[in-house]
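Q: Under numbering that gives the first Met the number 0, think of the first position of the sequence shown as 0, with each following residue one higher.
Incorrect hints may appear among the rest.
As the list claims (entries may be wrong) - List time: in silico BS3-like cross-link candidates among lysine-lysine, alpha-carbon distance up to 30 angstroms:
id, residue 1, residue 2
1, Lys172, Lys87
2, Lys87, Lys97
3, Lys22, Lys172
4, Lys87, Lys122
5, Lys76, Lys45
6, Lys45, Lys55
7, Lys22, Lys176
8, Lys22, Lys45
9, Lys34, Lys55
10, Lys176, Lys87
11, Lys97, Lys45
12, Lys55, Lys76
13, Lys172, Lys97
14, Lys55, Lys97
15, Lys172, Lys55
16, Lys185, Lys22
17, Lys185, Lys97
18, Lys118, Lys87
What the hints assert, rightly or not - What follows is a set of in silico ranges between Cβ atoms, one per label pair, in the way DEER data are often shown:
id, residue 1, residue 2, range
19, Thr173, His59, 56 to 66 angstroms
20, Val150, Gly222, 24 to 34 angstroms
21, Leu31, Ile212, 48 to 58 angstroms
To be clear, the hints were calculated from the coordinates, so they are not data collected in a lab. Idealized CB from N, CA, C, for every residue including glycine.
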Amino acid sequence: MRVSRIYYPTDIEPRQIFEVDGKAHHYLNRVLRLKVRHEVRFFNGKGREFLCAMMKSDVHRSTFICRSEVDTLPEPKPRIKLYLAVCKNEGMDFSVQKATELGIRILQPLITEHSLTHKIAAKRRLHWQGVAQSACEQCGRAVIPEVAEPVALQELVAVPEDDGAIICCIDAKTPIKTYINEFLTKPSDNVATLHLMIGPEGGFAADEVEHAIAIGFEPVCLGDYVLRSETAVVAALSIVRLGGYLT
């Protein structure tokens, strides 16, 4: 029987008894229909996970006992910060979900000339954080990516020298696979981060690409076809993940 996973932001220790209320309690009782002695895994979003069993439950809260801390899956390498131009609701939710499943550590929503406005994006940040949380619950990941405050592309500053940084452009000459292979095999004393920038449906404006290059991003291409933003997210991150497995 598959044991469900639930985000619980507070650290738990073995043999600790604790209560769950609010939305988590509702989900456990009304959706999962958990019964006394049934097990569930709680993870804190920072890499720790615990196997727990329900002791009792009423209308307002459920009581659990922590049986043990369990091993979690290691975070994939390299560490990825995804800069994503804000698109319409369904596309953005899909992108956040898939990017979480594919191992990004930070999502930086970007405001560009052809994206949604800063005002709209700022209101959606907590929603996107919730999408990332749900994706972690489903896929088995124990670390929830951080969703940063939206920022205009032109306000970005230079990336650290040891890090990698790429911007996906349809007219770029360097295939993303070539850059990733070189980045992953480059000797480094530090745990480098890969900064990956993906634009909106209408693409980046020329001055936005110029600014990205000026602060350290190298243009790469994802092939000959023009991809939707959410397709580009899955394609680019899949190539990075595959490269990480093979090195």
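Q: It remains to establish, for every hint, whether it holds in the given structure.
A: Status of the hints after comparison with the structure:
1. Proposed proximity of Lys172 and Lys87 is supported: the alpha carbons are some 29 angstroms apart, at most 30 angstroms.
2. Proximity of Lys87 to Lys97 is assessed by CA-CA distance (about 16 angstroms); at most 30 angstroms being required, the pair is judged to hold.
3. A distance of roughly 49 angstroms separates the Cα atoms of Lys22 and Lys172; the hinted pair therefore is violated under the 30 angstroms criterion.
4. For the given pair, Lys87 sits about 13 angstroms from Lys122 by alpha-carbon distance, which is consistent with the 30 angstroms threshold.
5. With a C-alpha separation of about 16 angstroms, the suggested pair Lys76 and Lys45 falls inside the 30 angstroms cut-off, and the hint holds.
6. Using a Cα cut-off of 30 angstroms, the hinted pair Lys45 and Lys55 holds, with the two alpha carbons roughly 27 angstroms apart.
7. Taking the CA atoms of Lys22 and Lys176, the gap is near 42 angstroms; set against the 30 angstroms cutoff, the hint is violated.
8. Using a Cα cut-off of 30 angstroms, the hinted pair Lys22 and Lys45 holds, with the two alpha carbons roughly 20 angstroms apart.
9. Using a Cα cut-off of 30 angstroms, the hinted pair Lys34 and Lys55 holds, with the two alpha carbons roughly 8 angstroms apart.
10. For the hint pairing Lys176 with Lys87, the CA-to-CA distance comes to about 28 angstroms; that is within 30 angstroms, so the pair holds.
11. A threshold of 30 angstroms between alpha carbons decides the hint, and for Lys97 with Lys45 the separation of about 19 angstroms falls inside it, so the pair holds.
12. Proximity of Lys55 to Lys76 is assessed by CA-CA distance (about 41 angstroms); at most 30 angstroms being required, the pair is judged violated.
13. Annotation: proposed proximity of Lys172 to Lys97 holds, straight-line Cα distance about 26 angstroms (limit 30 angstroms).
14. With a C-alpha separation of about 36 angstroms, the suggested pairing of Lys55 with Lys97 is violated against the 30 angstroms cut-off.
15. Pair hint Lys172 plus Lys55 does not hold up; C-alpha atoms about 61 angstroms apart against a cutoff of 30 angstroms.
16. At roughly 46 angstroms between alpha-carbon atoms, Lys185 and Lys22 are farther apart than 30 angstroms, so this suggested pair is violated.
17. In summary, the hint linking Lys185 to Lys97 is supported, as the alpha carbons are separated by about 27 angstroms, within the 30 angstroms threshold.
18. With a C-alpha separation of about 13 angstroms, the suggested pairing of Lys118 with Lys87 holds against the 30 angstroms cut-off.
19. For the hinted restraint 56 to 66 angstroms between Thr173 and His59, the CB-CB distance of approximately 58 angstroms keeps it satisfied.
20. A hinted range of 24 to 34 angstroms holds for the C-beta pair Val150 and Gly222, which are about 28 angstroms apart.
21. Checked against the hint of 48 to 58 angstroms, the C-beta distance between Leu31 and Ile212 comes to roughly 49 angstroms, which is consistent with it.
Consistency with the previously given hints fails for numbers 3, 7, 12, 14, 15 and 16, ordered from lowest to highest.
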